[in-house]
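Q: Fit chain R to the given chain V structure using the hints.
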Amino acid sequence: MPLIATPQSMHFDALLPLQSGASLRDYSLSFETYGALNADRSNAVLVCHALNASHHVAGVYAGQDKSEGWWDNMIGPGKPVDTDRFFVIGVNNLGSCFGSTGPMHPNPDAPAGSGRVYGADFPVVTVEDWVDAQARLLDALGIQTLAAVLGGSLGGMQALSWTLQYPERVRHAVVVASAPNLTAENIAFNEVARRAIVTDPDFHGGHFYEFGTVPKRGLRIARMIGHITYLSDDVMNEKFGRKLREAVLQSATGYRYSTQDVEFQIESYLRYQGDKFAEYFDANTYLLITRALDYFDPARAFGGDLSQSLARATCKFLLVSFTTDWRFAPKRSREIVKALLDNKRDVSYAEIDAPHGHDAFLLDDPRYMGVVRSYFDSISKSVGAAA
Amino acid sequence: MTDINTMEALARLVPRGSRVLDLGCGDGAMLAYLQQTRGCTGYGVEIADANVLACVQRGVNVIQLNLDEGLAMFDDASFDVVLQIDTLQHLRNAEVMLRETARVGRVGIVAFPNFAHWPNRLSVLRGRMPVTRRLPYQWYDTPNIRVGTHADLAALSERTGLQVQDSFGLQNGKVVRFAPNLLAGTSVFQLTG
Chain V
0 MPLIATPQSM
10 HFDALLPLQS
20 GASLRDYSLS
30 FETYGALNAD
40 RSNAVLVCHA
50 LNASHHVAGV
60 YAGQDKSEGW
70 WDNMIGPGKP
80 VDTDRFFVIG
90 VNNLGSCFGS
100 TGPMHPNPDA
110 PAGSGRVYGA
120 DFPVVTVEDW
130 VDAQARLLDA
140 LGIQTLAAVL
150 GGSLGGMQAL
160 SWTLQYPERV
170 RHAVVVASAP
180 NLTAENIAFN
190 EVARRAIVTD
200 PDFHGGHFYE
210 FGTVPKRGLR
220 IARMIGHITY
230 LSDDVMNEKF
240 GRKLREAVLQ
250 SATGYRYSTQ
260 DVEFQIESYL
270 RYQGDKFAEY
280 FDANTYLLIT
290 RALDYFDPAR
300 AFGGDLSQSL
310 ARATCKFLLV
320 SFTTDWRFAP
330 KRSREIVKAL
340 LDNKRDVSYA
350 EIDAPHGHDA
360 FLLDDPRYMG
370 VVRSYFDSIS
380 KSVGAAA
Chain R
0 MTDINTMEAL
10 ARLVPRGSRV
20 LDLGCGDGAM
30 LAYLQQTRGC
40 TGYGVEIADA
50 NVLACVQRGV
60 NVIQLNLDEG
70 LAMFDDASFD
80 VVLQIDTLQH
90 LRNAEVMLRE
100 TARVGRVGIV
110 AFPNFAHWPN
120 RLSVLRGRMP
130 VTRRLPYQWY
140 DTPNIRVGTH
150 ADLAALSERT
160 GLQVQDSFGL
170 QNGKVVRFAP
180 NLLAGTSVFQ
190 LTG
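Note that the protein sequences, when read in sequence, are chains V and R. The first sequence begins at 0 in numbering that gives the first Met the number 0 and counts up by one. The second sequence begins at 0 in numbering that gives the first Met the number 0 and counts up by one.
For reference, chain R alone in the conformation it holds in the complex:
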């Protein structure tokens, strides 16, 4: 998810000069990109030691926290944008975190693997869980404890009272607006509270 095309596609959703909170920021590449190309400021949140170290090496602010313990450290509307890029599928309390994202940020941007992408459907039709470039894990060792689809996230957003400002798919770094639930490996939502 840190390839340059994908980062660019997601960065376009972040207004210039925004104060950004990146939940599950990984090695900090996205935040560094936003700082360099869009004049953003902000913090990443990470649980993994190696990623915290990578962020410090890049000079990206990082807070080591377990997101499953919530976002109590962050005040309401204290960020312009809250990013959750490939994070939601790792969280036990995905629904709560979706609400928290909208509470803490004026805009939440969520990207996660779309399980309804056609190669995944084909694989399940053949009777096997998909193992792809986007979902490279076997079913028994995947860190993705939530599997959902583009359509599922739309439904969950509605259920949690969040407004979908925009949604689309991403495939090979390109925006997919036609039938993203079928044609895109990654689903992207721009949400407000």
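Chain V with its partners taken away, still in its complex shape:
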């Protein structure tokens, strides 16, 4: 019997002040919950999502094939994060395009009756803003303290930020394939993706909804670049190597000697991924989320001293990285580990020798799954979560 997920939405009237000085009002957060909150409300686990994911973390939607949540291999009944023991909450971040208030939604500050959507006027949101919004959702759900906050990549940044913004509300943080900030190279990749979108003639300065267009060309290229950086060289070579497409193989000359046709399988794969992404993802959301990644830097307020920055965190930590992940390399996770060691915090760190690059954090690796499972087993004992 698969876990059936039911999306929910909560509306917030109160103004949400943002780090930029702007604020959001009349916003909604989409979320899902799995499992049951125990009597003393001590078994809640918040899952933070990364770039193109949502509140649909686990389970399937009733009657919909292939509707598994994005971390369904990790979270569910009997899974490493066991929903028979934990009350798990997935929440969609502000600015996203999967339900929570975002650029495609009506702007309450637009002239009455205009029905104008935010578009490019959606305020820049940061990891810290997302965490503030998540905290308000927990308030509304009556959850004061999280047994754990869990996230990978950009989700890991949110988990880390939770321990700094609301240290008294977090008992454990599980930070997977993440970093204390982005490197110049990482910001550079984000900027290339953003330029691809912004320079698409269909983007119209971010107000493309009014023109009935979608900057699909930009989105496709942004996704192609992203995909390259989420994989490792080895995995790409193993999966595609220099393999040619069927049609090319059947040509008399071996290659088609064309500069614009798809010759290699890797090209075909990237185009497919780009096309798929451009169908469902919002261009303004892509800009907003990559910017949130760029801005995240908790050490900045401490002159770059991460150890000082993490002094506020009081919870226990598990960090996991993957050896072939060059977008969020192990050495970035080690920086966080070192800063926690400097503060004498409880921390464990697993460096998984997996070939799959950054994508490894979403895949099944028995070592990775085993460590997370064991860690959550010990959390469940400490919070008295029923087995």
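The calculated lysine to aspartate or glutamate pairs, modelled on EDC-like cross-linking and capped at a C-alpha distance of 20 angstroms, are:
id	chain 1	residue 1	chain 2	residue 2
1	V	330	R	74
2	V	337	R	68
3	V	330	R	67
4	V	337	R	99
5	V	330	R	68
6	V	343	R	74
7	V	337	R	75
8	V	337	R	74
Just so you know, these hints were derived from the structure itself, not from any lab.
A: Relative to the frame of chain V, chain R by itself:
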């Protein structure tokens, strides 16, 4: 090396309430023992996936690192005690690691198999490398890439400028103070920088 007598003998060298770094902590048994019986806190360092998992299962803090890449993650004198129990013989940079142990910890405790234990000497006299309970490997498949003696570690400690606060042998979980280089399968040193 995780039998209870040996753990007890080594644990006696660790002051109560110490902050401990256990290099090559294996399945975390020693750290768990120190936490439970002596109120210690700290971290293990391990390279093997199975051992990292075992530590997490026990609720022992563990950092997955290759010790041959050094201890840059750990600040000077950031631990009361640094343990190296059956670790030194696996390291390429054993000498550097000995110095690093004294840098990171106020006290370093090193335990490793004593190659000069008499059964080993007998075996070599007969012309064959020893295969014993303490050194159960054939010469061609041993993970112990450094073989040394109790006397060798004393000499290396002196060479690296480390002070030997105490040293003794361990045999069947019992402390050997008389002729440990001959009579003990395990050599133990308590070192300071």
